[in-house]
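**Q** These are the residues of each chain, in order.
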Amino acid sequence: MITDETTAVQSGETGWTDATAGANVAHMKILVIEDDLEAAAYMTKAFREAGIVADHASDGESGLFMGSENTYDVMVVDRMLPRRDGLSVITELRKRGVDTPVLILSALGQVDDRVTGLRAGGDDYLPKPYAFSELLARVEVLGRRKGKPEQDMVYRVGDLELDRLSHEVKRAGKDVLLQPREFRLLEYLMKNAGQVVTRTMLLENVWDYHFDPQTNVIDVHVSRLRSKIEKDFDRPLLKTVRGAGYMIKDEG
Amino acid sequence: MPVKSRLGVLFKSTAVRLSALYILLFALCAAFLVFYVTGLSERILNNQTRESLKEEVQEIEKAYERGGVTQLLRTMERRARQPGANLYVIAGPNGEIVAGNVASVQPGVFDEEGWTGFPFRYERYDDSGGVKRHLATAHVFFLDNGFRVLVGRDLGEPSKLRLLVRQALMVALLIMGIGAVVIWFAIGRNALKRIDRVSAASQKITAGDLSQRLPVSGSGDEFDRLSSSLNGMLGRIEQLNEGLRQVSDNIAHDLKTPLTRLRNKASDALSAVDESAKHAALEAIIVESDQLIRTFNALLMISRVEAGSIAAELTDIDLSAIAADSAELYEPVVEEAGQQMVCDIAPGLSVRGNRELIGQAISNLIDNAIKYGAIKPEASKSEASDSEAAQSDGVVEPPPAITVRVARGASGVEISVSDQGPGVPADKRAEVVKRFVRLDKSRSKPGTGLGLSLVEAIMALHGGQLVLSDTRSGDEAAPGLTATMVFPGMKP
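In the order they appear, the protein sequences are chains A and B. Okay, so the first sequence: first residue is 1 according to this note's numbering, each after it adds one. Okay, so the second sequence: first residue is 253 according to this note's numbering, each after it adds one.
None of these hints come from the bench; they were simulated from the model. No experiment lies behind these values; they were computed from the predicted model shown. Glycine is no exception: its CB is placed at the ideal position from the N, C-alpha and C atoms. Check before you lean on any hint, since a few could be wrong.
[Unchecked claim] SDA-like mimics (lysine to any residue), calculated; alpha carbons at most 20 Å apart, straight line:
(1) A/K228 <-> B/E587
(2) A/K128 <-> B/E587
(3) A/K239 <-> B/V539
(4) A/K128 <-> B/V539
(5) B/K623 <-> A/N216
(6) A/K228 <-> B/P584
(7) B/K530 <-> A/R242
(8) A/K128 <-> B/D542
(9) A/K128 <-> B/S541
(10) A/K95 <-> A/E61
(11) B/K623 <-> B/K686
(12) A/K228 <-> A/R164
(13) B/K445 <-> B/F475
(14) B/K508 <-> A/R164
(15) A/K239 <-> B/S541
(16) A/K128 <-> B/L551
(17) A/K228 <-> B/E588
(18) A/K128 <-> A/V115
(19) A/K128 <-> B/I537
(20) A/K231 <-> B/T547
(21) A/K228 <-> A/V154
(22) A/K29 <-> A/S58
(23) B/K680 <-> B/S721
(24) A/K239 <-> A/A193
(25) A/K128 <-> B/I457
(26) B/K412 <-> B/I537
(27) B/K445 <-> B/R269
(28) A/K128 <-> B/V289
[Said to hold, decoys possible] Label-pair restraints from in silico Cβ distances:
(29) A/H27 <-> B/P740: 33 to 43 Å
(30) A/M153 <-> B/E587: 31 to 41 Å
(31) B/I489 <-> A/N70: 50 to 60 Å
(32) A/E38 <-> B/S555: 41 to 51 Å
(33) B/T512 <-> A/H27: 39 to 49 Å
Model the full structure from these sequences, guided by the hints.
**A** As C-alpha cells, this is what we get:
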C-alpha cells in the first residue's frame, strides 16, 4: 500500500528509470557476475536503461579476472557460480586489494547466508527473488558511497538542513522537532539524497532489521516524518517512488 | 512337489530354523554326555576288575609260594568252579594251555608278564559243553619253571552296560526328534501364519493404503510388540503424510489464487486503453507478486528454521531491547489501525538466540495483533457497549491495546504480545499454528497464513515454545489473544 500517491514521480516507462532521474549515476560502471544468462541479460539491459554500464561475467573465474583487471564502481556477485563460488571470488578480490563495493545476490536468501556473505567481504546482500528496483537502488547507493566519503557534518537538501552533530533539523531556518528514530530516518534519506532508498534499505539501516515486517511499517514512519518536515511548506522534498521506495530531493 | 515346497517354506521360517538348530545342539550335548558317562563308568568298572584281579593274583602267587604247583592248581581249580568265575589258565612256556577253565586264548596273550593291556579274545566251555567266543582282560605272571599263569575276567558285563545306555540314548533321541517335529509344526506354522499376515498388511501399506495396520493378537509377545511399534510408526507416517498433503493442497490453493489474480491483472494491463489505467494495473501486479514472494520466503524460512540450519548463529541477545525496538517500529502502524501500543518490558532480560529470527517472530505476532486485535465481535458489540455505556456515561472508550510484555516467567524469559480482539477458541489453537491455516475463512485480511507457523518453528529452534491463551479469559465476546514465546531458562 503506497500511502502518499500525490508526490509519486510518474513519468517514464518503468518504475526504476524514474528512480534514477537526476541521480548521480552517470558514468557508473559495474560488473555483474551471474551464471544465469537470461537473468544476466535482463539485468544488464535494465542497468543500461538506468544509465549504468554493466559488464557481465558468467562464471567465478572470469568474474575474478575481470574484477581484478578492470576498475568498476560496484560488483554484483551471485553466490552460486560455476568454476569458483561467489564468496571465494570476493575473498580473492579483497586479497588482491580490490576494494570495490560488492553486492551479493543469493537464491538461498536467509539470515545466515547474509551474515556469511558479509563476513566474506561483501558490502550488501540481496536475496532472490528481488525486485530490480531494489537491486538498482542498492547498487546506486554502493556506487556513490565509494565516490564520496561520509564526512559532511551537515546534510542539506533545498532549504532542509540536518546537523549530524547537534541533531538539529531546520527547514527554512525554522526548527523541526524529530524523535530520535525520525532523525535517523531523515539522516539516512538525506545521506542518499537524490537516490532511491527502498523500504528494506530503511529497515536495515535505520532499524537494523533484516527481515520481512509483513506490513507497511516503513510507509507510516515516512509519512509521519513527511508531515513534520513538509507540513508548513509548499515544496515537497520527500517523494514516494512507486514500486521502489523513497527519495529526498529538491526539485527546484 | 507340494510337500517338498511346503517343507522348503517351513525351513525358510526363522522359528523353525532356530528350533531345528536348538534341537541339534541339544542332541549333540546329550550324545556327548552319554558317551562321557558310559566311558567313565566303564573305566570305573575296569579299575574295579583290575583291583580284584590283582588280589586274586596275589593270593594265587602266595598259594604257589606255599605249596608249589600242586597248591597252585588246587587253588585255581577251586576258584574256577565258583559260579560266574573268572578266567584261570596255566600255560606252558610256549603258550600252550596246560590247565584252566578256558578252551583257547588269542595267541600272544602269554608272551608278556603283567596286564594284557587290551581286551583279548578267548573261547570257553559253557555249561552245555559247547565253545563260545568272549572278550576278556587279564593279568599274566610267569612261574620260575617257565609256566605262565593267567587270571582274567570276562568283559561281557561292561559291554552290556554300554549297550544299554546307548539304547536308552537312541530312544531318548527318537522321542526328542518326534517332539521336535511336532513343535516345529506348531510353532513354525503359527509364526509363519502371523508373519504372513504382517507381510500381507505391509504390502497393502506399500501399495498406498496408509490406514492399514499390522494385526496384533493381544498376547503381548514379541510379535505383538513388534507389530505395535510398527503400527505406532505407521500412525506417525500417516499423520506426517496427511500434514504434507494438507500443506501441498494449501500451497496449491494459496498460490493458485494470487497467480490467477496476477494473470487477470496482467490481461487488464494489456487491454487498458489509457496510460494511467495501464500503470495502475501494472502496479497492482507488482503488489501481487510481492505478496507471492513473501509467501515463498516465509515457506522457505520455515523449512530452513525447521531443518535447524540456522542454529549455528545463536548468541546472547537482549530480548528487552529487541522487544522495545519492535514496539517502536510498529507503534505508528498500530495507531493507524485504531489501536494503541502498550509496553510492559522488564529491562535487561537476555536469551540465547538469533536476533533476526526472534525479531521476525515478534514482528509476526505484532502484525497478527494489528490485523485481528481491532476486530469487534459483531453479535455482542452493541450489547457490550450498551452495558458499558450504562455504567460509565460519557466516558470515551480507549482504543484497544496491543501489549508487548517481556518478563521472567516460571520456566524462563517470556515475551508476549496480547491483543483485545476476538481471540482464538481453545480448541482451534493447535490448528492456527499449522501452515496456511487461517480462521478467517473469507481471507479478507492480507496475510500468508504462515506467521504463527514460523513463530513456532523459531521457538522450537530456540528450545522454547509458543503458547496461545486468552488475554481476558472472563470476557467471552472479546477474550483477545495472547501469544507468549517462552524461552528455556538460561544457564546460570
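**Q** Which earlier hints can't be squared with this structure?
**A** 2, 14, 15, 20, 25, 26, 28, 29 and 32
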